[in-house]
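Participant: Sequence:
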Amino acid sequence: MVVLLGICVVVLVLMGFSQPAWWLAAAVLVYLAVWYGKGSVHRADGQGGYGEYRARREQRDKWDRKYRRQHRGQHITPDRPPQ
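Just so we're aligned, residue 7 is where the sequence shown starts under my numbering, counting upward by one.
Derived from the structure by calculation, the hints contain no laboratory data.
Every residue, glycine too, gets a C-beta built ideally from N, C-alpha and C.
You may find that some hints are simply not true.
[What the hints assert, rightly or not] With a cut-off of at most 25 Å between alpha-carbon atoms, the simulated SDA-like pairs for lysine to any residue come out as follows:
#1 72 to 60
#2 68 to 55
#3 68 to 78
#4 72 to 62
#5 72 to 59
#6 68 to 58
#7 68 to 80
#8 72 to 61
#9 72 to 58
#10 68 to 57
#11 68 to 56
#12 72 to 57
[As the list claims (entries may be wrong)] Restraint ranges, calculated between C-beta atoms of paired labels, are given here:
#13 69 to 20: 30 to 38 Å
#14 40 to 77: 24 to 32 Å
#15 16 to 67: 46 to 54 Å
Between the sequences and the hints, there should be enough to build the whole structure, so can you do that?
Facilitator: Below you can see the structure in the form of structure tokens.
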């Protein structure tokens, strides 16, 4: 994909020597590629990157500690819910 994008940009720049509007098209293409590239990295991190996993794990541990404090001394199992 990156190779195809690079070829398109080079072709548009070369075409720009005959008509400068193609340089504008190449610039827009490069801008969108960079903007989309940054967005995809951010989206990938947000969908399950290590930072997101760590935040979920810390939140779960926090809830577990709170639950254990609230139900200290009770034997809570799936067949024996808290009273």
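Participant: Compare the structure with the hints numbered earlier in the document and write down the numbers of the violated ones, lowest to highest.
Facilitator: 13, 14
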